[in-house]
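> Listed here are the chains, written in short residue letters.
Number of protein chains: 2
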Amino acid sequence: MEKLVLHEYAPSGNCYKIRLVAAHLGLALERRGYDILKGETRTSEFLRDVNANGRIPVLQIGDRFLPESAAACFYLAEGSSLIPEDRFDCADMLRWMNFEQYNHEPNIATLRFWLAFVGEDGLTGMQKSLMLDKRAGGEAALDLMDEHLRNRLYFVRDRFSLADIALYAYTHVAGDGGFDLSLWPAVQRWLERVSSLPEHIPIDE
Amino acid sequence: MEKLVLHEYAPSGNCYKIRLVAAHLGLALERRGYDILKGETRTSEFLRDVNANGRIPVLQIGDRFLPESAAACFYLAEGSSLIPEDRFDCADMLRWMNFEQYNHEPNIATLRFWLAFVGEDGLTGMQKSLMLDKRAGGEAALDLMDEHLRNRLYFVRDRFSLADIALYAYTHVAGDGGFDLSLWPAVQRWLERVSSLPEHIPIDE
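Protein chains in written order, with my numbering: chain A, 1 to 205; chain B, 1 to 205.
Mixed in with the good hints, there may be bad ones.
One copy or any two copies: either way a pair holds, since identical chains are not told apart in the list.
[As the list claims (entries may be wrong)] Once the Cα atoms are required to be at most 35 angstroms apart in a straight line, the calculated DSBU-like pairs of lysine-lysine come out as:
| hint | residue 1 | residue 2 |
| --- | --- | --- |
| 1 | K38 | K3 |
| 2 | K128 | K38 |
| 3 | K128 | K3 |
It should be emphasised that the hints constitute simulated quantities derived from the structure, not laboratory data.
Please read all numbers here as calculations on a predicted model, not as lab measurements.
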């Protein structure tokens, strides 16, 4: 495989997903950090050379750039056991990855960012007024995950896949956003299952 | 292939994407409609039998249910020319599909739904206060698309793929949400290119 460079903000769960996939596959990633709190992904150089959308993560593969964490995870994992071979199961994995980006991350990751990184005093009035909605949306996502995991080991057909990695990233730090994970016991057991896998790495490594 | 049933709200662009993929592949879809304005996807039957997340579209394949439009499109298109064979190109297609669900749909589709389906008088105070942010987010998404399409026929390697279908669905009706598409000429040319393909069907068919 060509040289892999991860353009990232290390505490971001979206960036952690890609590091976690690489760890499970034994792939080496060079890491290049940008401080999003200082606007380092909105500079003209970043927009021109890395991602016109001004966001991290971006996976650089040789001289090509791939934004969006789900796309980068899929690229790295192609042909591995992290993507189910079965046609329905592969689509079902994408279903959970899309659920994560649409129903989970905009609520749980955003509250974590606002409360643990920006700080409540630094929020705009609009952000403060959205907090209740995001709290309810995050709880609904965790409810759905808990119900799904009650009789399952992993999200898709009881085998560890990209769906678990995508959902693990922001769920295991949901406490930073004020979510009390003890309310979702099946989710908690699944988090322990994922973090006990031999190739697992923590978010701050 | 097993019998395919699309659980849908027909005017939804997310549901249209799946019909458009099926049309391009010549697949028959049985359609079952739910009026989301009347809460028909939040009934206990729907939550139990179709999707615990209370959302459409859901693609039913035999007796299995697949929520999330991107997952359903991927399932239908597997092995077809709508998914590039090249590893990078396939991931790049997923990149644009994720961009659509994260940066495009929550702004452009939401404004369309609020303005053309709910109506401005029916909006909550919170929804009204979010309109400016969503307008700016939608314009930024269209700017990025226009820049990307300026020297390209389609989103990924100049070949029509699921990325084009995913982005076409809500872009071509962005006018319903108050976006003036004449401001994005490369997007307009691409919309005409997509709608001129021989297998194309309109959203209201």
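> Next step is simple, just say for each hint if it's right about the structure.
Status of each hint after checking the structure:
1. K38 / K3: within (28 angstroms within a copy, 52 angstroms between copies)
2. K128 / K38: Both, since 21 angstroms and 30 angstroms are each at most 35 angstroms.
3. K128 / K3: neither (42 angstroms within a copy, 47 angstroms between copies)
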